[in-house]
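Listed in order, the protein sequences are those of chains A and B.
First residue of the first sequence: 1, per this note's numbering; consecutive thereafter.
First residue of the second sequence: 1, per this note's numbering; consecutive thereafter.
Hints listed in this document are in silico derivations from the structure and should not be mistaken for laboratory results.
The beta-carbon is built from N, C-alpha and C at its ideal position, and this holds for glycine as well.
One or more hints might be untrue.
Which chain A residues face chain B? A few, computed with CB under 10 Å, are given here [to be verified]:
{"id": "1", "residue": "C38"}
{"id": "2", "residue": "C41"}
{"id": "3", "residue": "E148"}
{"id": "4", "residue": "G171"}
{"id": "5", "residue": "G172"}
{"id": "6", "residue": "A173"}
{"id": "7", "residue": "Q176"}
{"id": "8", "residue": "R194"}
{"id": "9", "residue": "A216"}
{"id": "10", "residue": "I224"}
{"id": "11", "residue": "A236"}
{"id": "12", "residue": "P250"}
{"id": "13", "residue": "G263"}
Partial pick of chain B residues on the chain A-facing surface, computed with a CB cut under 7 Å [claimed, not checked]:
{"id": "14", "residue": "G115"}
{"id": "15", "residue": "I131"}
{"id": "16", "residue": "M197"}
{"id": "17", "residue": "K198"}
{"id": "18", "residue": "Y259"}
{"id": "19", "residue": "G263"}
{"id": "20", "residue": "S264"}
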Amino acid sequence: MDTFEIKKHKIWIMKSLRKGLGLGRPDHGQERNMFEKCPSCNTVFSRKELEDSHHVCPSCGYHFRMGAHDRIRLICDPGSFEEMAAGMTSANVLDFPDYRQVLKEAKQVSGLNEAYVFGRCTVRSYAAVTGVLDSSFIMGSMGATVGEKITLSIEYAQQHQLPLIIFSASGGARMQEGTVSLMQMAKTSAAMRRFSHQGGLFVSCLTNPTTGGVLASYASLGDIILAEPGALIGFAGPRVIEQTIGQKLPEGFQTSEYLLEHGFLDRIVERSELRDIIGQILKLHERRRSASWNL
Amino acid sequence: MESLTAYDRLGLARRMDRPRTMDFIRRMFTDFIEFRGDRCYGDDHAVVGGVALYRGLPVTILGHRKGSNVEDNILCNFGMPHPEGYRKSQRLAKQAEKFGRPVICFIDTPGAYPGTGAEARGQGQAIADNIALFSELKVPVISVVIGEGGSGGALAFGVADRVLMMENAVYEILSPEGFASILWRDSSLADRACRLMKPTAQDLLELGIIDALIPEPEGGAHMDPDAAIDSVDRQVQRSLSVLMKQDLLTLVRNRDRKYRNMGSRKTLSQKTKE
Chain A
1 MDTFEIKKHK
11 IWIMKSLRKG
21 LGLGRPDHGQ
31 ERNMFEKCPS
41 CNTVFSRKEL
51 EDSHHVCPSC
61 GYHFRMGAHD
71 RIRLICDPGS
81 FEEMAAGMTS
91 ANVLDFPDYR
101 QVLKEAKQVS
111 GLNEAYVFGR
121 CTVRSYAAVT
131 GVLDSSFIMG
141 SMGATVGEKI
151 TLSIEYAQQH
161 QLPLIIFSAS
171 GGARMQEGTV
181 SLMQMAKTSA
191 AMRRFSHQGG
201 LFVSCLTNPT
211 TGGVLASYAS
221 LGDIILAEPG
231 ALIGFAGPRV
241 IEQTIGQKLP
251 EGFQTSEYLL
261 EHGFLDRIVE
271 RSELRDIIGQ
281 ILKLHERRRS
291 ASWNL
Chain B
1 MESLTAYDRL
11 GLARRMDRPR
21 TMDFIRRMFT
31 DFIEFRGDRC
41 YGDDHAVVGG
51 VALYRGLPVT
61 ILGHRKGSNV
71 EDNILCNFGM
81 PHPEGYRKSQ
91 RLAKQAEKFG
101 RPVICFIDTP
111 GAYPGTGAEA
121 RGQGQAIADN
131 IALFSELKVP
141 VISVVIGEGG
151 SGGALAFGVA
161 DRVLMMENAV
171 YEILSPEGFA
181 SILWRDSSLA
191 DRACRLMKPT
201 AQDLLELGII
211 DALIPEPEGG
221 AHMDPDAAID
231 SVDRQVQRSL
241 SVLMKQDLLT
251 LVRNRDRKYR
261 NMGSRKTLSQ
271 KTKE
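Only chain B is shown next, with the shape it has when bound in the complex (with noise of 0.2 Å):
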């Protein structure tokens, strides 16, 4: 799989084939119940969120939900939360501290969704809500990008102690069509810009965005989804296995001080060292 492209990437990550979040709560969880709503305005389908076991463990799940079927994507809005989702994984997300429920996360969003009702109840600040939340969440937090990892959008469920990430998936600061109208004017050029991105696993690996790339089967993770999902579980599980064992605080401290050192001058100065 060396010889992909990012755009290549990209291609795979927005299959409609692929797993989806759906999927892998299928697989790797058993006694899964939804909780929805955000108490305050509605229920957003675009984010999925609720309870199950892991291995016997009860953890807190939440994740963007894209749908496998036309007629689901549109129910779902193709991934792109409203303020709501953010609202509703935020009480999701406080319920499992005080619970003390591990939260895992599963990314794969075009981004946000940009429209007038979204906007008017508070995109920016719901999504800043979550950020700030999660950065200080006192339990486990893991993170996996399965598919496409957008924006702020993303962010929102990606501020995590362990961020996964499959081999074929991104994670960019917009989807390269954006990228490329803002800055070339013309968004056929997204294949250039997903190229300058850099938003492929190897890549933020390299830069230490995130913690794991996970490989997945030849050909892409739709060739094979069970295997594909039981690569994320075992991935999942080495993970957890370490985080549950911390204390509380110094897993937090931890977390501060990754995001903290995220692109600080020491950093920066160490990577062009290398």
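This is chain A alone, in the form it adopts within the complex (with noise of 0.2 Å):
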């Protein structure tokens, strides 16, 4: 969950930076034609090509964190998608305090009603519903709504026999839901396994970051599991392991490259990709294929 800290931290870089650069805001979908630079090579271009490259640095491949829409955009047909369930929002659940500004501002900043947004769609043609967590809302972190959410992007999938494709980018747990969020853990694995049970298709991609109580739930539970490159995986975030064991991690634990190496992932994927690579797995699993083979 220190991903979180991670982000803030971020946030606060590019704040300055944008100041530095005379730029306001970061835009999600209002404001447009501004600069970025990369803050992997430090490369500065603008929006425009940074949304043109699918928000990876034209010059040195590091993957920007994207949007849910903008994620879509990249992975379904256009005009395709059909999103479900768009309303629904999260409640107070503990009455933590604080937590309904915290979820203004979230909606504010992302543009979302909640972190997960799923629909119905085609990719390359292909009948899939698709689900992506948005990491600019609380750190696409799961509590109940996005747990219900989750659990009827896999139920909906189930009923009409859809494959179904999940970008996971998340801190974990929602905090402020505190036991409530734990038990989405549950929810949506014991989902999952229905799903899978009638013979469903569940390709799940890790994007930057996917951790805790999320990738050791659903996440984890793809026929087929991706990664984009370089994105951080992990059930401990680094800075609890770091303070666990008292020393510096080593350079590339728990990235895409590293979980690949360790058996964990069937494939990294550039973003470039990802659509190829995406709607070649539903071909390859369309059911009638095998129904109707004869030679």
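With the hints as a guide, dock the two chains, each given alone in a separate frame, to form the complex.
Set out below in structure tokens:
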């Protein structure tokens, strides 16, 4: 969960940076035509360039975090995405102080009602259900509503016998909803198991960052697990581990590349290839192909 | 005991002299035999697993093991499992299903171990698999939170037909110290965090997350460990005798429904109405 801290730090850096460059707040669909600096190689380029390159640094290949709707534009065939349960919002289940305010600000910053967006779509003409966690909404954390929406997306895919693709980006469980958040791990995992028993295909795509209770539940239950390059993926956050073991972590620890090497991913996929790879996976899993085959 | 704060209870839950999983096993069961190893990488001392008789009925026991002195604590990694512990539990739970034995779990952990080896060997994956497996295990499952139930590392043993919780146990999303350090960057605010997190048995009973609260002796379980264990024993017996009468399909369907409704729109709006 300390990715939350990293994020805060990054926001602070980006804010100072923007101030330095004479720029305003980060745009989430409102302001356009700004400049952006790559946190990895420091190259400055225009937002237009960044959008054209699917939020990947044209110079060094660094994968910027991506909002839910940008992700949907990247993956789904144009105009095919029909969002579901878009109006669901979170309640303050534990009467946690300031949580309402936190939710309100998150809505403003992200332009979303909650951190998870899902719907029906086609990818390279194959029908599917796609869900995306957006890290700009309270670090993409999973509380009751996010857990419920993820479960609804699984159940919709099951009912309609559609493959399910979920892009995770999350600091883990939503702190402000306490043990209720924890139970969402059980709810989503159980739903995923039911879906799997019905022969449903789940492609889990881990993006920067996927940690804590999200990694330790549905996101690890993919038939196929993909990740974007350089994403932070782990159960415990790096700062917690450093504090526990009392030493600095090695370079590259808990990255996509590290997980691939340790056998926990099927493939690392560059953002520019994601749509084709997912399209290919959907093609290879079409039920009718196996059902109607004869020589 | 009404006047105790959540933080007081956390203190009680963490006491060295509080009865631990091994004490429960010794007093509640007979013929216990421990089975070890995940058949993959290693054996995790932070998780104990085996088979015993519960009033004559063969059952599988799984639990966090913290140890009762410093030497034991270190050997058991203070009850913080590595992936091997969760994989051992999956192996033993599948065996329980094969031989038709109910599973009884004891939860007592600060959380899954946050270390480099644990990450390299897939802590997240191991916990996810445990949760998914227990969500559909075709035998009765009872979980008892006896001390500290910390985070996903606790939930891995907490997907059950009946979740029972001792009066002074706590069940939380992560340690109050970690919680305070994330939200306010100050781990010394654990007292405040503890209050806001609503981690006590009473809180969780009201939220519908646990099924029963088991009273402890005056002053806490450590004041009279035998009496405390016997209260748990009575509740386990009651729960198990109900669950053993259900056919397995109904059992799994009910368990499924229970977790499906955790924090769903339906249950949340009911709570708001109350």
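Structure-based check of all given hints:
Interface restraint check: C38 of chain A against chain B, minimum CB-CB distance 27 Å, threshold 10 Å, status violated. Given the 10 Å rule on beta carbons, the hint for C41 of chain A is violated: about 27 Å separates it from the nearest Cβ of chain B. The criterion of a C-beta within 10 Å of any C-beta in chain B is met by E148 of chain A, whose closest approach is roughly 5 Å, and the hint holds. Checking G171 of chain A against chain B by beta carbon gives a least distance of about 9 Å; that is within 10 Å, so the hint holds.
At a threshold of 10 Å, the smallest CB-CB gap from G172 of chain A to chain B is about 8 Å, leaving the interface hint in force. The interface hint given for A173 of chain A holds, since its Cβ lies 5 Å from the closest Cβ of chain B, which is under the 10 Å cut-off. Hint status for Q176 of chain A relative to chain B: holds, with the closest Cβ pair at about 8 Å, below 10 Å. Interface hint status for R194 of chain A: upheld, as the beta-carbon distance to the closest one in chain B is roughly 7 Å, under 10 Å.
Using the Cβ-Cβ criterion of 10 Å, the hint placing A216 of chain A at the interface with chain B is satisfied: the shortest such distance is roughly 4 Å. The criterion of a C-beta within 10 Å of any C-beta in chain B is not met by I224 of chain A, whose closest approach is roughly 14 Å, and the hint is violated. Given hint, A236 of chain A at the interface with chain B, holds; its Cβ is 3 Å from that chain's nearest Cβ, closer than 10 Å. Restraint check, P250 of chain A versus chain B: the minimum CB separation of about 8 Å is within 10 Å; hint holds.
Of the supplied interface hints, the one on G263 of chain A holds, with its beta-carbon coming within about 8 Å of a beta-carbon of chain B, less than 10 Å. Residue-level restraint check for G115 of chain B holds (minimum Cβ-Cβ distance to chain A is 6 Å; threshold 7 Å). A least Cβ separation of about 5 Å between I131 of chain B and chain A falls short of the 7 Å threshold, and the interface hint therefore holds. Given the 7 Å rule on beta carbons, the hint for M197 of chain B holds: about 5 Å separates it from the nearest Cβ of chain A.
The closest approach between the C-beta of K198 of chain B and any C-beta of chain A is roughly 5 Å, which is under the 7 Å cut-off, so the hint is satisfied. Here the hint on Y259 of chain B is kept, as its CB sits about 5 Å from the closest CB of chain A, short of 7 Å. A distance limit of 7 Å between C-beta atoms decides the matter here; for G263 of chain B the minimum to chain A is near 3 Å, and the interface restraint holds. For S264 of chain B, the interface hint holds, since its Cβ comes within 7 Å of a Cβ in chain A; the closest pair sits about 5 Å apart.
When each numbered hint is compared with the structure, violations occur for hints 1, 2, 10.
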